[in-house]
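Turn these sequences into a full structure, and let the hints guide you.
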Amino acid sequence: MNEFASIGELARGLRRGDYSSVELVRHYLARIQNNASLNTFISVTEDEALIAAAKADQTLQRGKAGPLTGIPLAHKDIFCTQGIPTTCGSRILENWIAPYDATVVACLASAGAVLLGKTNMDEFAMGSSNENSYFGAVLNPWDNSRVPGGSSGGSAAAVAAGLTPIATGTDTGGSIRQPAAFCGVSGIKPTYGRVSRYGMAAFASSLDQAGVIGHDAQDLAVVLSLMSGLDPRDSTSSDHVDSWLESVAESGLQPINEGLNIGLPGEYFKDLGEGRALLEAAARELESAGCRLSEISLPHTDAAIPAYYIISGAEASTNLSRYDGVHFGYRCENPKSLQDLYQRSRSEGFGTEVKRRILTGTYALSVGYFDAYYLKAQKLRRLIQQDFLAAFEQVDLILAPTTPGVAFHTGDLTGDPVAMYQQDIFTIPASLAGLPALSLPCGFSNGLPIGMQLIGAHFSERQLLETSALYQQRTDWHQHHPEVA
Amino acid sequence: MQWEAVIGLEVHVQLSTTSKIFSGASPAFGGAPNTQACPVDLGLPGVLPVLNAEAVRMAVMFGLAIGAEIHPYSVFDRKNYFYPDLPKGYQISQFAHPIVGPGTIDVQMENGETITVGITRAHLEEDAGKSLHTSYPGMTGIDLNRTGTPLLEVVTDPDLRSPGQAVAYFKQLHALVRYLKICDGNLAEGSMRCDANVSVRPLGAAELGERSEIKNINSFRFVEKAITFEIERQIDILESGGKVQRDTRLYDSDLNETRSMRTKELSDDYRYFPDPDLLPVRLTPEFIAEVKSSLPELPKARKTRFTTELKLSDYDAAWLTSDPEVADYFEAVLATTDDAKLAANWIMGDASAALHRDDLEWIDCPVPATELGRLIARIKDNTLSSKLAKTVFEALWAREGTVDEIIEARGLRQLSDSDALGGIIEKIILDNPRQVAQYRAGKNKVLGFFVGQVMKATQGKANPGRVNELLLELLKG
Amino acid sequence: MANIDINHLCRLAQLALNDAEHEAVRGDLERIIAMVDQMQAMNTDHVEPLAHPLDASQRLRRDEVTEVVDRERYQLGAPATQDGLYLVPRVVE
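Residue numbers (the numbering used here), protein chains in the order written: chain H, 16 to 500; chain P, 4 to 480; chain S, 265 to 357.
Read the hints as simulated data drawn from the structure, not as lab findings. Any given hint could turn out to be false.
In the DSS-like style, the derived pairs of lysine-lysine whose C-alpha atoms are separated by at most 30 Å in a straight line are [as the list claims (entries may be wrong)]: (1) P/Lys-464 x P/Lys-430; (2) H/Lys-351 x P/Lys-133; (3) P/Lys-344 x P/Lys-184; (4) P/Lys-390 x P/Lys-314; (5) P/Lys-303 x P/Lys-314; (6) H/Lys-351 x P/Lys-344; (7) P/Lys-174 x P/Lys-184; (8) P/Lys-246 x P/Lys-295; (9) P/Lys-314 x H/Lys-351.
Quick partial rundown of chain S residues pointing at chain H, CB under 7 Å, derived from the structure [said to hold, decoys possible]: (10) Ala-280; (11) Thr-308; (12) Val-311; (13) Arg-337; (14) Tyr-338.
All residues carry an ideal CB built from backbone N, CA and C; glycine is no exception.
In C-alpha cells form, the structure reads like this:
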C-alpha cells in the first residue's frame with residue numbers, strides 16, 4: 016500500500032479489491048500514530064473512521080462506489096464536525112463539540128470519504144507557520160526544525176508525510192497555498208463563493224475560502240468538484256454554474272490541450288531570492304508545452320499587505336466577539352462579574368496573535384479611524400482587483416511564486432509579527448481579489464520544497480487545474496516525498 | 004423662563020413574520036427558554052445569516068404607507084457591543100444605508116388637531132435575547148429565543164413637542180402597523196418598544212438642548228409618564244443653573260421616575276461596518292411596484308373616502324379609521340344598511356361601550372356586523388323604535404339570536420299603524436279628561452303625559468313619531 | 265506615530281492584558297500600524313470601496329420555519345445553564 020498514492024490510484028486499488036477501505040484506513044491511522052511527533056492532528060477519530068470505512072466497503076461491494084468512496088481524508092480543525100471536537104486550534108474551543116456538520120464536511124461524507132481526524136492549525140486561522148496553535152506547533156516533515164507554513168499547517172504536513180491522501184484547508188491570505196508550498200504538496204484556494212462557508216469558523220468573512228490539499232492536481236479537482244456549489248445557508252455562496260467542475264470527479268482531469276497566455280507579474284519577481292531560478296524553469300516548462308509567456312504588471316501589489324491586515328483584522332475582530340464565555344466555549348473560573356467573565360475568558364482563551372489581530376481590527380474600525388483605515392483598505396482592495404482584471408484582458412493565467420523563500424526555522428519570526436505577515440506577500444493579492452489560485456511543487460532549494468503559484472480569473476478553476484495537470488504530466492516534483500516514519 | 008420640550012421617538016416594531024430575520028427558527032412569543040434559538044441565532048462557530056424575504060416586504064410596505072422613498076440599495080451593518088443577550092457580540096442592523104428613507108405620519112390629536120410627524124428613516128435589524136435578573140441569586144439568566152426576531156426600527160425627526168403628542172404618535176404608529184398587518188401590536192408581549200429622546204430648550208431658541216434617551220418603554224401610558232417626568236427633571240436642572248448630561252435612562256414605573264443606566268455610562272463606540280456575511284440588498288422597481296399594489300387601503304385614504312363618499316364628519320371618520328378592525332367592522336355593517344351616520348353612532352356609542360364594559364376587542368364582538376346593520380335597518384323601516392332598538396342590541400350582545408328572531412320572540416315590533424294607534428289614543432283621551440282640558444288650555448307639557456300613557460298601553464312598542472302626530476291631531480279641540 | 269490607546273481598545277474588545285503583555289502588544293501594534301500607514305501615501309481618489317469580491321446581491325429566503333431546535337444538544341458543554349437558561353454573573357442595569 017503506497018501511502019503517497021493519489022486518490023485515483025487508491026480508488027482503483029479499492030475497486031480491484033487489492034485492499035479494503037478498512038485496511039486502507041488502518042494503514043493511515045498507524046502512520047499518523049507513528050508520526051505523532053509532527054503533531055499534525057488535534058483529534059484522530061479512529062473508531063468513527065473504521066465504522067465509516069466498513070460502510071464504504073459495503074458500498075464498494077455493491078458496485079455503487081463513487082470517486083471518493085472509502086478514501087480517507089482529514090479536515091482542518093476549523094470545519095464543524097458533529098459529535099467530534101472542533102477546536103480551531105484554540106483553547107477557547109478546546110472541548111467544543113459542534114451540533115452540526117459544516118456543508119463541506121457533509122458533502123464529502125456523503126461522497127463516501129472516511130474522516131481520519133481533525134488537523135492542527137494556527138489558532139482561528141491566523142498565522143503563517145502553525146506556531147500559533149494552542150495544541151502545539153506542527154513540524155515540517157522535510158525538516159523538523161522548520162515550520163510547515165500556516166494556517167493549514169497540519170493539513171499540508173499530513174499530506175506531505177503520507178498520513179492522509181487528501182486534507183481540507185482554508186485560505187484567507189494564503190493559508191492553503193503557503194503551507195502547500197513549504198511542504199511540497201499541491202493546494203488550491205477556489206474562487207471566493209465557490210465553496211460554502213457554512214460551518215467553517217469565520218476568520219475574515221470576505222476572504223475565507225475552503226479548499227483542498229493533495230498530491231496532485233487531479234486529486235484537487237476530484238475533491239473540489241464534490242465540495243463546491245451553491246449553499247442556500249451561505250449568503251456569499253455563488254450561484255455560478257460550472258458543469259465542468261461538477262463532472263470532473265467522474266470524468267477525470269485532463270491536461271490542458273490549448274496553449275494559454277501566461278503572465279508573470281514583474282512586481283512579484285523583483286526581490287525573489289533562491290526560488291527565482293526554479294520559478295523561471297517552471298515557466299519555461301509551460302512554454303515548451305505550448306503556453307505563451309509575457310510580463311505583466313500589477314502596480315498596486317505593495318498595497319496588498321496593509322489592506323489585507325486591516326480588512327481581515329477588522330472582520331476577524333468582530334467574528335471573534337462571539338467567543339465570550341457566555342453560552343459555549345471556554346469560561347474562566349469563578350468570574351466575579353460579567354466584565355470579569357468576558358475579559359478573563361477571552362484573555363485566557365485566546366493566544367497572542369489572535370489578540371493582536373483583534374486589537375488591530377478594533378483600532379481600524381474605531382471612531383475616527385474608520386475612513387483612514389477600513390475604508391482606505393477597501394479602496395485599495397478595489398484597485399488591486401482592477402489590476403488583476405486588467406491583466407486578465409491580456410493573459411489567461413498568472414504565474415507567480417507562492418512564497419518569498421523556503422520554510423523558515425521554527426521561532427525565527429515569532430518575535431516580529433510584521434515580518435511574519437510579509438510571508439504572505441504573493442498570496443494575499445489573489446485573496447483580496449477573490450480569485451482562484453493554487454500552488455504546485457516546482458523544485459527544491461537546499462532540500463526544501465519551493466512552490467509555484469497559478470492565479471486565474473474568477474471561476475477559471477478549469478484552466479488552473481488543467482494547466483497544473485499539464486505541468487505535472489511533464490515534471491515529477493509532486494512525486495517527491497520526505498523521509499518519514 | 005418658558006421652556007419647550009423637543010422629543011423624538013425610536014420605535015422598534017417586531018415584524019410578524021413566520022420565521023426569524025436571518026434564520027429559520029420561529030419568533031413566536033412565549034416558548035420555553037432557548038427552545039427557539041437555533042445555531043444561527045446562537046452565533047455558534049461557522050453559522051451564517053440569510054435574509055427573510057417577508058421581512059423585506061414588510062419594511063417596504065411600511066415605507067410606502069408613510070410616503071417614504073424606498074432605497075433600492077441598502078446594506079446591513081454590524082453594531083458591535085458585548086452583552087449576554089447578544090450572542091454574536093454584534094447586532095446585525097442597518098446604519099448608513101437603511102431600506103426606508105424619510106416619510107411622514109399624520110397624527111390626529113384628541114382635540115381634533117392634526118400634526119404631521121416627520122419620519123427620518125426606518126431600517127431592518129435583528130432583536131436581541133432577554134435577561135432575567137430576579138430568578139437566580141447573584142446570577143442573570145439569559146433566554147435567546149427572541150434573538151433574531153425581525154425588527155423594523157422607525158425613527159422620527161425631533162418633531163414632537165409634548166408627552167401628549169408623543170403618545171398620540173405612538174398610538175398612530177401602532178394602528179398603522181396593525182393596519183398593514185406587519186405587526187400584531189401586542190405591547191404586553193413586547194411587539195413594539197419605544198425609546199424616547201428628550202431634550203428641553205428655552206422657547207424660541209434655535210439650538211437643541213442636550214438630550215437624554217429613555218429606553219424600552221412598552222406602554223402608551225408609560226410613554227406619556229416617562230417623558231413628562233424627564234421634561235420636568237431637565238427643566239429643574241436647567242433652572243437651578245445646572246447642565247443636562249447626555250445619558251441613557253430607564254423608566255421605573257413603580258417610582259414614576261427615570262434613572263441613568265449604569266452599564267451605559269461609558270460611551271459605546273459601536274464600530275459600525277458593513278456585515279461581510281451579507282450582500283447589499285438591491286430592490287427592483289418591479290418588486291417595489293408589486294408591493295405597492297398589494298397594500299391595503301391606507302388609513303388616510305380610507306378616512307377621506309368615509310368623509311367624501313359616506314359623508315361622515317371628520318371626527319367620526321378619524322375615530323373609525325384609527326383601528327383597522329373597527330373600520331372593517333363598520334364597512335361590514337354597511338352591507339345591511341346604508342345609513343353610515345347611524346352605523347357610526349352605534350359603533351362609537353353602544354357597541355364601543357359594551358366592548359369596553361366586557362373588556363373585549365373588536366375582533367371578539369359578539370354582535371356580527373351584519374346584524375348591527377340589520378338593527379339599524381329595522382329602526383329606519385320603523386319596525387323598531389330607537390328605545391327598543393337598545394333592548395334588541397343587548398339581546399344581540401347576549402347572543403339570543405338574529406335581530407328579526409329577537410323582535411319576533413319578544414314581540415317588539417313597533418306599532419306604527421295609524422288605525423291601531425288611533426284607537427288606543429282615543430281611549431286614553433276619553434280616560435283622562437282633566438289632562439285633555441289642561442292641554443287644550445295651553446299646557447303643552449302635558450303632551451308628555453299622553454305619550455307616556457300610549458307607551459304604557461303599547462308596552463313601549465308605539466312608534467313615537469306616529470304617536471306624536473296622532474296626539475297632536477286628536478287632541479286638537 | 266499614532267498614540268494607540270491600548271486600554272481603550274482592550275475595553276472595546278473585552279480583553280485584559282497584564283503589564284508585560286500590554287507593553288508587548290503596544291509595541292506590536294505600533295509596528296503593525298506603521299506598516300499599514302503605508303496606505304496613506306497611496307492615491308485612492310474617486311475609487312469605490314470593494315466590500316465583496318463578487319458584485320452580487322443578497323439572496324432572499326422564503327419565510328418558513330425550517331429549524332427544529334434541540335436545546336439539550338446545543339447546551340451540552342455550555343459553561344453554565346439552569347432551567348434551560350444560560351447563566352452569567354448578575355448584570356445590573
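Okay, the hints, checked on the actual structure:
| no. | hint | result |
| --- | --- | --- |
| 1 | P/Lys-464 x P/Lys-430 | holds, 17 Å |
| 2 | H/Lys-351 x P/Lys-133 | holds, 21 Å |
| 3 | P/Lys-344 x P/Lys-184 | holds, 28 Å |
| 4 | P/Lys-390 x P/Lys-314 | holds, 25 Å |
| 5 | P/Lys-303 x P/Lys-314 | holds, 15 Å |
| 6 | H/Lys-351 x P/Lys-344 | violated, 68 Å |
| 7 | P/Lys-174 x P/Lys-184 | holds, 15 Å |
| 8 | P/Lys-246 x P/Lys-295 | violated, 48 Å |
| 9 | P/Lys-314 x H/Lys-351 | violated, 69 Å |
| 10 | Ala-280 | holds, 4 Å |
| 11 | Thr-308 | holds, 4 Å |
| 12 | Val-311 | holds, 4 Å |
| 13 | Arg-337 | holds, 5 Å |
| 14 | Tyr-338 | holds, 6 Å |
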